[in-house]
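S.K.: Line by line, the protein sequences give chains A and B.
In case it helps, the working numbering puts the first sequence at residues 1 to 176.
In case it helps, the working numbering puts the second sequence at residues 1 to 408.
Don't take every hint at face value.
Said to hold, decoys possible - Calculated cross-link-like contacts (lysine-lysine; reagent style DSS-like; alpha-carbon spacing at most 25 Å):
| hint | chain 1 | residue 1 | chain 2 | residue 2 |
| --- | --- | --- | --- | --- |
| 1 | B | LYS138 | B | LYS40 |
| 2 | B | LYS94 | A | LYS47 |
| 3 | B | LYS94 | A | LYS45 |
| 4 | B | LYS82 | A | LYS98 |
| 5 | A | LYS23 | A | LYS133 |
| 6 | A | LYS45 | B | LYS96 |
| 7 | A | LYS47 | B | LYS96 |
| 8 | A | LYS133 | B | LYS96 |
| 9 | B | LYS125 | B | LYS138 |
| 10 | B | LYS250 | B | LYS50 |
| 11 | B | LYS94 | B | LYS138 |
| 12 | A | LYS131 | B | LYS263 |
| 13 | A | LYS94 | A | LYS13 |
| 14 | B | LYS166 | B | LYS94 |
| 15 | B | LYS124 | B | LYS82 |
| 16 | A | LYS139 | B | LYS40 |
| 17 | A | LYS143 | A | LYS95 |
| 18 | B | LYS82 | A | LYS139 |
| 19 | A | LYS131 | B | LYS124 |
| 20 | B | LYS263 | A | LYS133 |
| 21 | B | LYS125 | B | LYS96 |
What the hints contain is simulated information worked out from the structure, not anything from laboratory work.
All of these numbers come straight from a predicted model, not from anything done at the bench.
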Amino acid sequence: MSETELNGLSLTKLQELVAVVSKEPEAAAPLNKWNARVKWEGGFKSKAYVREHSFLLDEPSNLAGVNTAPNSVEYLLSSLGGCYVVGFVLNATKKGVKIDDAEVVLEGQLDNIPTFFGLSDKGHPGFREVKAKLYARTKADKKVVEEIWKETVAGSPVSNSLSRVVLIVPELSVTR
Amino acid sequence: MVEEAFQTSVVGSWPRPEWLLDELRRKNDGEITYDEFSEKADEAVLLAAKYQEDAGLDFITDGEQRRDSFYSFVVDKLDGIKLMTMAELMDYIKDKSRYEQMLRARDVPAYAIRTPVVVNRITKKRSLALDELQFLRKHTRKKIKVTLPGPYMLTRASWIEPLSMKGYDSREALGKEYARLLREEIIQLRDAGASFIQLDEPSLTEVVYGDASMQTFMCAVITSKVEPKEELAFATELINGAVQGITGVKTGLHVCRGNWSRKEETLLSGDYAPLVKYFQQMKVDQFVLEFATPRAGSLSVLEGLSSGGKELGLGAVNPRTDVVETPEQIASRVREAMKYFDPSHIYLNPDCGFATFAETPLNTPETAYRKLLAMTTASNDLRKSLDWGSPPRPVPQVTSQGRGMSEG
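Bound-form chain A, shown alone (with noise of 0.2 Å):
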């Protein structure tokens, strides 16, 4: 680890970053805008694009999918998972914490899939509950990872994003 690198991050890069955005506010602006593009590729497959990438959607093959691809819920969870790692090397990584491993375990109960297809009209084919455990390896004070963990999971867009209409369940499991 040299000193100018942490986690795999450029702490000279994060600190540009954390100048710009708070010297001049509206520099964050663009960052604020996502976007993304769905097409579809015949039966329940589709394939996304998102700035220079791409990927597949598909359907597991017992939801008259092809299974080629994870399904939309499952994007969802790992956009979730995904967006919980990022914020949580992020906010170790400002103050100073080495991780040595993460990992990010999900878990999503829709509420009542037969809505889906029209065969139930009780609650709605959503998530009710996300349960997301992290798993960290540091040897870092327990204390301090929980805090770590608290405000990752506070300030992640997309756990925002779905929390205000979903019980998300956060856990931690901290190992040296």
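Dock chain B against chain A, hints included.
M.R.: Below, chain B without anything else, positioned relative to chain A:
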């Protein structure tokens, strides 16, 4: 001789002290070398040996104090093999959803499961267990048991085709390499004074019962489900390749159903019946088996094994419980075994190690010690009951600290 009946030993591992785990993490993080770590582990080995001596065991081990698990430690000893996490290996695993379920059942992150993976031709950096034996030999007059991961277990765990093909053309070729290495090691250990060498092959039960429950994760056996008959024949060939024809040391094979959790429902269930036919073909002297847990089924399936002169290492205490079995309970289980085995062919041991994986010990040293003491008490009582005219060995005296004096 009455002393030959109901001899006692452990399966291998003993809970490591917290300070040793700190040193182990430093070694795994590359902060200290294996040699530096091993020097620090000497004291923990002495402690583990003292507990076993005080309990009055006939055979003792070094408690596997220098190992982070019963099989992954080989990366410290061999070149061409490296420890990789499940997180690193997920991209190479075909049946990803099965492993995801297993990780969730165990409530562990993928980075916490580490397995040795062959990435090149294997060569020895140092002997697998000779350093462990030589240190313990200097500090005890007890007979010493040395445990080694079996050739099938090693092959199953470390063969990840896209990575391992760099060293070997096939899984079979790798298996034969392990058998050859282990054979060389067993001979070295025998010549250096080991009395009992045990090969650990827990994944044999996974071969026959792995599909019965998706909530299992058998010692990081990460290859896909296999055909049982072919696999068991392959395992038998490898084990025989390692031990056949070696004399002058007792050889054993330990087979359990997993020992990573106290949640019994997450471990495999099923008796040894599907394995007995293969046991009969294996050229080891003793089978070290679980029987303290009801998940292991009935002893009666072993009928016929003793006719070939095989010994039974009877699982007499459960390493995963707080409750200490009474000598009477243990003796009752032994009497059941006596229906199928001669007393001189019955050894007593716990079902498995007390800390198979360093970071997740299954019991405290205090409870483990009390379980061993119950086992040796049962052994002594049984020897007396045989009435062969010879005096039983001295019973360890329990001190106020709950520990006995060494009979060294």
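S.K.: Would you mind marking each hint as holding or not holding in the structure?
M.R.: Hint-by-hint comparison with the structure:
1. A distance of roughly 16 Å separates the Cα atoms of LYS138 of chain B and LYS40 of chain B; the hinted pair therefore holds under the 25 Å criterion.
2. Between LYS94 of chain B and LYS47 of chain A the CA atoms are separated by roughly 23 Å; this keeps the pair inside 25 Å, and the hint holds.
3. A C-alpha spacing of about 22 Å is found between LYS94 of chain B and LYS45 of chain A, which places the hinted pair at or below 25 Å, so the restraint holds.
4. Between the alpha carbons of LYS82 of chain B and LYS98 of chain A the distance comes to roughly 24 Å, so the proposed pair stays at or under 25 Å and holds.
5. A hinted pair counts as satisfied when its Cα atoms are at most 25 Å apart, and LYS23 of chain A with LYS133 of chain A does not qualify at roughly 35 Å.
6. Between LYS45 of chain A and LYS96 of chain B the alpha-carbon distance is near 21 Å, which keeps this suggested pair within the 25 Å criterion.
7. Annotation: proposed proximity of LYS47 of chain A to LYS96 of chain B holds, straight-line Cα distance about 22 Å (limit 25 Å).
8. With a CA separation close to 20 Å, the supplied pair LYS133 of chain A and LYS96 of chain B stays within the 25 Å bound.
9. For the given pair, LYS125 of chain B sits about 23 Å from LYS138 of chain B by alpha-carbon distance, which is consistent with the 25 Å threshold.
10. Simply put, LYS250 of chain B and LYS50 of chain B have alpha-carbon atoms about 23 Å apart, close enough for the 25 Å limit, and the pair holds.
11. In summary, the hint linking LYS94 of chain B to LYS138 of chain B is not supported, as the alpha carbons are separated by about 48 Å, beyond the 25 Å threshold.
12. Our distance criterion of 25 Å between C-alpha atoms is met by LYS131 of chain A and LYS263 of chain B, whose separation comes to about 22 Å.
13. Proximity of LYS94 of chain A to LYS13 of chain A is assessed by CA-CA distance (about 12 Å); at most 25 Å being required, the pair is judged to hold.
14. The suggested pairing of LYS166 of chain B with LYS94 of chain B holds, with an alpha-carbon distance near 19 Å, which does not exceed 25 Å.
15. Restraint check for LYS124 of chain B and LYS82 of chain B: the C-alpha separation of about 13 Å stays at or below 25 Å, so the hint holds.
16. A threshold of 25 Å between alpha carbons decides the hint, and for LYS139 of chain A with LYS40 of chain B the separation of about 21 Å falls inside it, so the pair holds.
17. Between the alpha carbons of LYS143 of chain A and LYS95 of chain A the distance comes to roughly 13 Å, so the proposed pair stays at or under 25 Å and holds.
18. In summary, the hint linking LYS82 of chain B to LYS139 of chain A is supported, as the alpha carbons are separated by about 24 Å, within the 25 Å threshold.
19. Pair hint LYS131 of chain A plus LYS124 of chain B does not hold up; C-alpha atoms about 46 Å apart against a cutoff of 25 Å.
20. For the hint pairing LYS263 of chain B with LYS133 of chain A, the CA-to-CA distance comes to about 20 Å; that is within 25 Å, so the pair holds.
21. Under the criterion of a C-alpha separation no larger than 25 Å, the hint pairing LYS125 of chain B with LYS96 of chain B is inconsistent with the structure, at around 33 Å.
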